[in-house]
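Please model the entire structure based on the sequences and the hints provided.
Line by line, the protein sequences are chains A, B, C and D. For what it's worth, our numbering labels the leading residue of the first sequence as 985, then goes sequentially. For what it's worth, our numbering labels the leading residue of the second sequence as 985, then goes sequentially. For what it's worth, our numbering labels the leading residue of the third sequence as 985, then goes sequentially. For what it's worth, our numbering labels the leading residue of the fourth sequence as 985, then goes sequentially.
Bear in mind the hints are in silico, worked out from the structure with no lab data behind them. In this text, a Cβ means the ideal position worked out from N, Cα and C, and glycines have one as well. Hints should not be assumed to be uniformly reliable.
As the list claims (entries may be wrong) - Now the stretches of chain A that chain B is said to cover, found in silico as 3 or more residues with beta-carbon under 8 Å:
(1) 1055 to 1066
(2) 1239 to 1250
What the hints assert, rightly or not - In silico lysine-lysine, DSS-like type, Cα no more than 30 Å apart, as pairs:
(3) C/K1064 with A/K1230
(4) A/K1064 with C/K1204
(5) D/K1031 with D/K1064
(6) A/K1230 with C/K1031
(7) B/K1064 with A/K1059
(8) A/K1064 with B/K1059
(9) D/K1024 with C/K1059
(10) D/K1064 with C/K1174
(11) A/K1204 with D/K1174
(12) D/K1031 with C/K1059
(13) B/K1174 with C/K1059
(14) C/K1024 with D/K1059
(15) D/K1202 with B/K1031
(16) A/K1031 with B/K1059
(17) D/K1174 with C/K1064
(18) B/K1174 with A/K1064
(19) B/K1059 with B/K1017
(20) B/K1230 with D/K1031
(21) C/K1059 with C/K1024
Number of protein chains: 4
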Amino acid sequence: MKRIVLSLLSLLMALSASAGNDSRIETGVVSSKILGADKKYNVYLPKDYDLHPERSYPVLYLLHGAHGSYQTWAKSYNMKLIADWRTDSGFCTPMIIVMPDASGDGPDNVGRYMGYFNYPGWRYEDFFFDEFIPAIESRYRIIGDSAHRAIAGLSMGGHGTTMFAMHRPEYWSSACPLSARLQGRPDGYKDRPEMGEYIDQVEYNDMPAYLRDAPADKQKAIAAVRWYVDCGDDDYLLDGSINLYKEMRMLGFPCAQLRVREGTHSSEYWRTALPEVLTFVSLGFGY
Amino acid sequence: MKRIVLSLLSLLMALSASAGNDSRIETGVVSSKILGADKKYNVYLPKDYDLHPERSYPVLYLLHGAHGSYQTWAKSYNMKLIADWRTDSGFCTPMIIVMPDASGDGPDNVGRYMGYFNYPGWRYEDFFFDEFIPAIESRYRIIGDSAHRAIAGLSMGGHGTTMFAMHRPEYWSSACPLSARLQGRPDGYKDRPEMGEYIDQVEYNDMPAYLRDAPADKQKAIAAVRWYVDCGDDDYLLDGSINLYKEMRMLGFPCAQLRVREGTHSSEYWRTALPEVLTFVSLGFGY
Amino acid sequence: MKRIVLSLLSLLMALSASAGNDSRIETGVVSSKILGADKKYNVYLPKDYDLHPERSYPVLYLLHGAHGSYQTWAKSYNMKLIADWRTDSGFCTPMIIVMPDASGDGPDNVGRYMGYFNYPGWRYEDFFFDEFIPAIESRYRIIGDSAHRAIAGLSMGGHGTTMFAMHRPEYWSSACPLSARLQGRPDGYKDRPEMGEYIDQVEYNDMPAYLRDAPADKQKAIAAVRWYVDCGDDDYLLDGSINLYKEMRMLGFPCAQLRVREGTHSSEYWRTALPEVLTFVSLGFGY
Amino acid sequence: MKRIVLSLLSLLMALSASAGNDSRIETGVVSSKILGADKKYNVYLPKDYDLHPERSYPVLYLLHGAHGSYQTWAKSYNMKLIADWRTDSGFCTPMIIVMPDASGDGPDNVGRYMGYFNYPGWRYEDFFFDEFIPAIESRYRIIGDSAHRAIAGLSMGGHGTTMFAMHRPEYWSSACPLSARLQGRPDGYKDRPEMGEYIDQVEYNDMPAYLRDAPADKQKAIAAVRWYVDCGDDDYLLDGSINLYKEMRMLGFPCAQLRVREGTHSSEYWRTALPEVLTFVSLGFGY
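Here it is as structure tokens:
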């Protein structure tokens, strides 16, 4: 029933979009048995999506950070305009961009179960692979093979990107952790109480260590993903990105990029990272 | 032991750095006899402004566009974060940035007397030079000579930048029109009624023509300003910037820059223009 | 016989390249009946070309400027290193890059028949399409359809790029004129005698006018090519690129890019243009 | 009539601009008692140097790498064109750029006493501070205080930059190590015999360790220099730059920049680094 409602909604939106050839962002819901909850998401559908009903698209999963939600990339970082620009200019393949939700249940989106982890009682990672991806990729015209699937995310979502791409490398063409929170408690970091559970999970899921200690065939699978690691030189989380890249380098990853640009842990950094990310993942689709 | 010494050093540095050493934005008012009105403004005061009461700073006047106000650069284009970044990174001289108001009196800041012009009954340009600049430059610690004064603005404010810098070139070190509205009615443009008066003024104040037809000594004075013209390749106003630059080039301006980057007439363009503008005007201060 | 000799040479080079997995530049010759001459070329073969004998590649034709030859992109603008970098970093699809020769027969490569034109008695354009492309695309493992064929060039080669892509748009996915000589005699230009014939041909082949005056179906075919026009703001040839882009814009080309960056008509401009060109043409392959 | 006036103006401007107003590179020699040798250098004198005999300039010392000489920045990395461009565009203060020589005495400029070190019997660092700087700064119109003196260099010269700026921080406004060789023998590095003495010196002069272990007042003096550290993500020497930056960060340097861009240990990296370096040091002059 929900599917039908959603489809009708889509139809109405498409009609109201007058020939419907602009890109657009829609909000949807995936009902999760694993979580026992409905999880919202935003999805960016590229220009002319409705005009080519026979065409399927590559997909980018774009993850938000702590304090954010499925709305943040669109509302605060202008992802629609940037994706439109980049596509129109020929530097980005038309793609579907999915923005899931991993917000906590407290004020400012911080609270219980925030993040992309499998907590006891809140197996988000299982939800993501077993329910969310299948639901999304049947709901929209997504090619749906790993050669046409990429992931990127900022801060907490940069950790999620790294974790998802390392736990299940066979899903991904490219992975782009931006300003990733790969250290739970960097030097001088002071916990706020409401962040504690999340920080513990980051420390528990130490991704540079995971890579270093993985069996050789797992390392090889992870190395087959194209990696783009980007973090500001004044970001308090810089060391994590550097440590991650070092492990990749020591293992001789064929395509692992590191960028350190001017900037802090802030919105301007992610806005200016996104154009390159879109180009990088575009060039990875199909290879 | 060394670590303890370091910690003490850090502590001392932190203490000495306390008490209002962040940059900030303040809102103020200039009461204008010329306009018969109070005009608000925002002003960005650089880091440590209060710690150096003996120090004076160069100044950048940063103009908003149609539909905007004195708040727009800070609220919508993140100018504080960008200026902080750029200064901290060493690519921008600490400066005071003043954001005046030229909004109209109707909804969405559009309406009567919008813009930087001398309309009959609303002599904004006279206000700007005869009341606003003197008030601002006595109210804050601004060096106040032309070698340390620059101007930049977007769209309507790009026209204002060009007009102010051409009418009174002796005031300015650098001028940076961004996505400037230098044509009233570009091909295919449709007037909205509430914009008519403003558009008429743009056409009346045709700045490329003004430059072309100016007396030689005026041209020479305008050529002594450092110019940085920047407009997106998909901006519907591109021709205006190109025409302006052509006139400058024919006259052999010693420092006139043109940049055409990927983009449209939109916030992302101005955000990504601002870092270079801050560097450009910084390098002009004092010469 | 020559073909056999060349093949043996290729074989020897491949063997001496020890597992042959680096990229390399080879020099070859195409014997032209149309020109009555042997024309040399350089070809860049991407990394692992020899390891994948079953794999075919997209192709970029990369044209040199006046005073240059088939060697100039490699010798003076470091195209091999740039293409290696860009490919390794994931921002460029592995491709074959062909650098033909349109040098004149006098000193400094200037002289009779310089350029990409059909002169009386020296039908270079006919040679290019009827002999050169077929020879090259059978000699190397090139996909050979228009979706996987692009062209770019600097100065005189920027004119050649524009002319070839407008005369035969059905051949090309992308076209990238860089600092193109689209005006024969810009304001203030002084002919050197040995350049006269070439300059006359540029004026005769006025490409912005050609586009403007083309029949609608021809314009539509030209608009189906992805265009990337790039020229320095201090280049004496800037007006030509701007005029070209204006015609494209008036006709509503779906993908026509203009970039104006800091710089003059010089090697640094082309080196810094090439990375973006490689990305742009890569993203066009297959669409 | 107006056009005639303009032409006259142009003519006058052209005339006044004649006679040596281009920038130029000169080669000179400093005879060293300390070394018992004559050491050559290149010097870049900015545009109009001869027209302003009363004007003094800031200075940048620009160091070459192993296998290079005083000629390399000009011959192989096009520093003159880049400095001209950057100055003309308003993004670089007119400055004098001095390129000293630290080549070895063997083939390919490698051999005995290569580098910027105080070897037994070849006290290059003493020569640099006690003879070279004084000779240069009396020979050209250089301001000659530390506020107007900067240093930059690549690879071996990046180590020299770091060493000179840490040993004598009171000399420098800015220091910019590019792709610096801060590790003697990175993982997997194989010594060539002729490099051994040089590599030993790099290991002996371990600059990140020097900074970490320096007394607090020395650390503070080093922190007063503006630092710009830049290294390619595929450079085999990347770890050294990262280690250096980490020490600076732990000590809370007020202006220490790190950039990691796409690239290897090669000429293209240094060419594309130079424009930002020129801007960075320009903005430091006078502070």
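Can the restraint linking A/K1204 and D/K1174 be considered satisfied, given a maximum Cα separation of 30 Å?
-> holds (26 Å)
Pairwise hint evaluation, D/K1031 against B/K1230, where the allowed Cα distance is 30 Å at most | Distance ~24 Å between B/K1230 and D/K1031 Cα, so the pair holds.
Is D/K1064 close enough to C/K1174, meaning Cα to Cα at most 30 Å?
-> holds (26 Å)
CA of A/K1031 to CA of B/K1059, is that 30 Å or under?
-> holds (29 Å)
30 Å Cα cutoff - pair D/K1202, B/K1031 = holds (26 Å)
For the pair we were handed, C/K1024 and D/K1059, check the Cα-Cα distance against 30 Å.
-> holds (28 Å)
Mind checking the alpha carbons of B/K1064 and A/K1059 for me, to see if they're no more than 30 Å apart?
-> holds (19 Å)
Mind checking the alpha carbons of B/K1059 and B/K1017 for me, to see if they're no more than 30 Å apart?
-> With Cα atoms ~29 Å apart, B/K1059 and B/K1017 stay inside 30 Å; holds.
Measure nothing beyond the straight line between the CA atoms of B/K1174 and C/K1059; if it is 30 Å or shorter, mark the hint as holding.
-> Between B/K1174 and C/K1059 the Cα gap is close to 52 Å, so the pair fails against 30 Å, i.e. violated.
Would you mind confirming whether the straight-line C-alpha gap from D/K1024 to C/K1059 stays at or under 30 Å?
-> holds (28 Å)
Are three or more residues of the stretch 1055 to 1066 of chain A within 8 Å, CB to CB, of chain B?
-> holds (count 3)
Is the Cα-Cα distance between A/K1064 and C/K1204 30 Å or less?
-> holds (29 Å)
Hint violations for this structure: number 13 only, all remaining hints satisfied.
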